[in-house]
Amino acid sequence: MTAYAAPLRDMQFVLHDVLGISKYSNLPGFAEATPDVIDAILEEGGKLAADVLHPINQSGDHEGCVRSADGSVKTPKGFKDAYDQFCAGGWQGLSFDPAFGGQGLPYVLAVAFNEMVSAANMAFGMYPGLARGAADAIYVHGTEEQKAAYLPKMISGEWGGTMNLTEPHCGTDLGLLRAKAVPQADGSYKISGQKIFISAGEHDLTKNIIHLVLARIDGAPEGVKGISLFIVPKFLVNADGSLGARNGVVCGKIEEKMGIHANSTCVMNYDEATGWLLGEPHKGLKAMFTMMNEARLGVGLQGLAISEVAYQNAAAYAKDRIQGRAISGVKAPDKAADPIIVHPDVRRMLLEQKATIEG
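Numbered per my numbering, the sequence shown finishes at 458, counting up by one with no gaps.
Hints were generated in silico from the structure; no laboratory data involved.
No experiment lies behind these values; they were computed from the predicted model shown.
Don't take every hint at face value.
As the list claims (entries may be wrong) - Here are the simulated BS3-like pairs of lysine-lysine, each with C-alpha atoms no more than 30 Å apart in a straight line:
id: 1; residue 1: Lys-434; residue 2: Lys-453
id: 2; residue 1: Lys-279; residue 2: Lys-179
id: 3; residue 1: Lys-352; residue 2: Lys-179
id: 4; residue 1: Lys-434; residue 2: Lys-382
id: 5; residue 1: Lys-418; residue 2: Lys-324
id: 6; residue 1: Lys-430; residue 2: Lys-382
id: 7; residue 1: Lys-146; residue 2: Lys-122
id: 8; residue 1: Lys-382; residue 2: Lys-289
id: 9; residue 1: Lys-418; residue 2: Lys-434
id: 10; residue 1: Lys-385; residue 2: Lys-356
id: 11; residue 1: Lys-173; residue 2: Lys-122
id: 12; residue 1: Lys-246; residue 2: Lys-173
id: 13; residue 1: Lys-289; residue 2: Lys-279
id: 14; residue 1: Lys-176; residue 2: Lys-352
What the hints assert, rightly or not - Label-pair ranges, simulated between beta-carbon atoms:
id: 15; residue 1: Gly-358; residue 2: Lys-122; range: 48 to 58 Å
id: 16; residue 1: Lys-179; residue 2: Ala-104; range: 24 to 34 Å
id: 17; residue 1: Arg-345; residue 2: Asp-444; range: 31 to 41 Å
id: 18; residue 1: Ala-104; residue 2: Gly-322; range: 29 to 39 Å
id: 19; residue 1: Pro-134; residue 2: Tyr-416; range: 14 to 24 Å
id: 20; residue 1: Ala-431; residue 2: Tyr-206; range: 40 to 50 Å
id: 21; residue 1: Ala-415; residue 2: Asp-303; range: 27 to 37 Å
id: 22; residue 1: Ala-425; residue 2: Cys-269; range: 35 to 45 Å
id: 23; residue 1: Ala-425; residue 2: Gly-270; range: 45 to 55 Å
id: 24; residue 1: Ser-406; residue 2: Lys-352; range: 49 to 59 Å
Cβ coordinates follow ideal geometry from the N, Cα and C atoms, glycine included.
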């Protein structure tokens with residue numbers, strides 16, 4: 100069983116001493132981020148990561164997500180309860196606009212919290228992470244009506260979100276995508292096509308999932324200049340905000356991704372699903388890049404987070420595993436050998452890990 104403890108002192112040092120976050124109190128959100136508030140948020144975030152999320156990380160990967168014949172997906176044991184605790188703490192809206200239910204705190208503070216979540220349980224962190232990215236895209240490119248309809252419940256965590264780009268025949272070359280969007284008389288579109296490797300594409304953590312889908316409107320220019328972005332909810336949303344009929348989108352398969360089987364990475368099939376244009380026609384990549392760029396930063400943060408938890412467990416293992424004797428003399432005379440942490444090359448590797456992570 101692995102262990103994780105949030106590196107609070109390192110984070111506090113970076114925020115307070117390196118970045119000098121208190122110097123920016125004249126900026127929106129920073130005035131409320133006093134040193135005491137920052138430290139309290141980091142401490143509570145660390146507790147959630149270590150006590151709630153990390154204990155279900157290994158078991159969640161072993162159990163994995165399970166798809167039923169109707170396309171519904173069940174997440175591993177403990178994930179729904181952990182997600183409910185995550186939402187109850189207001190963590191999803193930590194740095195989001197208060198006009199839509201967020202707390203409006205500095206984004207850098209949310210990044211520190213997200214590092215803890217990814218280190219403790221990366222598969223779990225991808226569910227709220229994708230929803231937050233989709234919410235940001237709607238916030239930047241959506242109409243006022245779209246923002247009012249989707250953002251409050253996405254920021255509360257009641258609804259999830261995804262981004263749908265890759266198709267079986269095209270990944271980075273999105274100009275080849277075949278998903279199509281047919282205009283309807285009421286201003287909506289009928290979306291048809293298949294998307295693959297869609298993180299958090301279907302699950303039981305939220306009541307609704309807001310998919311952002313790249314597709315080509317009939318008659319659009321060839322290549323990337325003809326791609327548009329659409330909001331396609333799992334359940335249609337009524338005028339009063341309640342959930343309506345199930346939309347024409349279903350999970351066809353769960354993909355296999357090593358180490359994150361607890362995240363439902365899905366093949367998503369769209370069969371004349373109702374969607375609404377997000378942003379301008381044929382400017383879908385511009386709108387999607389709001390989410391993609393945040394996702395790229397998130398992947399870098401995941402790398403840092405996994406490196407941190409790997410270092411912590413490597414150091415613990417080096418203190419416990421015995422082999423050989425220290426070149427400077429016996430260090431554990433009551434044991435058959437010394438812990439490997441006494442060996443120079445092991446210490447060098449651990450110090451290199453720690454220095455790289457902190458750097």
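To see whether the hints hold, each was checked on the structure:
1. Of the supplied pair hints, the one linking Lys-434 and Lys-453 holds, its CA atoms being roughly 28 Å apart against a limit of 30 Å.
2. Between Lys-279 and Lys-179 the CA atoms are separated by roughly 34 Å; this puts the pair beyond 30 Å, and the hint is violated.
3. With a CA separation close to 21 Å, the supplied pair Lys-352 and Lys-179 stays within the 30 Å bound.
4. Distance check on the hinted pair: Lys-434 and Lys-382 sit about 67 Å apart at the alpha-carbon level, beyond 30 Å; violated.
5. For the proposed pair Lys-418 and Lys-324, the alpha carbon gap of about 57 Å is over 30 Å, so the pair is violated.
6. A hinted pair counts as satisfied when its Cα atoms are at most 30 Å apart, and Lys-430 with Lys-382 does not qualify at roughly 66 Å.
7. For the suggested pair Lys-146 and Lys-122, the alpha carbons sit about 28 Å apart, so the restraint of at most 30 Å is met.
8. For a cut-off of 30 Å, the pair hint linking Lys-382 to Lys-289 stands: about 18 Å separates their Cα positions.
9. The suggested pairing of Lys-418 with Lys-434 holds, with an alpha-carbon distance near 13 Å, which does not exceed 30 Å.
10. Distance restraint check for Lys-385 and Lys-356: the Cα-Cα separation of roughly 28 Å lies within the 30 Å cut-off, and the hinted pair is therefore satisfied.
11. Taken as a hint, the Lys-173 and Lys-122 pair is broken in the structure, with Cα atoms around 46 Å apart against an allowance of 30 Å.
12. Annotation: proposed proximity of Lys-246 to Lys-173 holds, straight-line Cα distance about 29 Å (limit 30 Å).
13. Taking the CA atoms of Lys-289 and Lys-279, the gap is about 8 Å. The hint holds against a cut of 30 Å.
14. As the CA atoms of Lys-176 and Lys-352 are separated by approximately 20 Å, the hinted pair is consistent with the 30 Å bound.
15. In this structure the hint that Gly-358 and Lys-122 lie 48 to 58 Å apart at CB is violated, the actual value being about 39 Å.
16. Between Lys-179 and Ala-104 the CB atoms are about 25 Å apart, so this pair conforms to the stated range of 24 to 34 Å.
17. Distance hint check for Arg-345 and Asp-444: the Cβ-Cβ separation is about 58 Å, which falls outside the suggested range of 31 to 41 Å.
18. Range check, Ala-104 to Gly-322: about 49 Å between beta-carbon atoms, so the 29 to 39 Å window is missed.
19. Take Pro-134 and Tyr-416: their Cβ atoms lie about 35 Å apart, and the range 14 to 24 Å is violated.
20. Taking 40 to 50 Å as the suggested C-beta distance range, the pair Ala-431 and Tyr-206 conforms, at roughly 47 Å.
21. Between Ala-415 and Asp-303 the beta carbons are some 34 Å apart, a value that agrees with the proposed interval 27 to 37 Å.
22. Checked against the hint of 35 to 45 Å, the C-beta distance between Ala-425 and Cys-269 comes to roughly 56 Å, which is inconsistent with it.
23. Separation of Ala-425 from Gly-270 is about 51 Å and conforms to the stated range, judged on CB atoms against 45 to 55 Å.
24. Checked against the given bound of 49 to 59 Å, the beta carbons of Ser-406 and Lys-352, roughly 31 Å apart, lie outside it.
Hints 2, 4, 5, 6, 11, 15, 17, 18, 19, 22, 24 from the earlier list are contradicted by this structure; the remaining hints agree with it.
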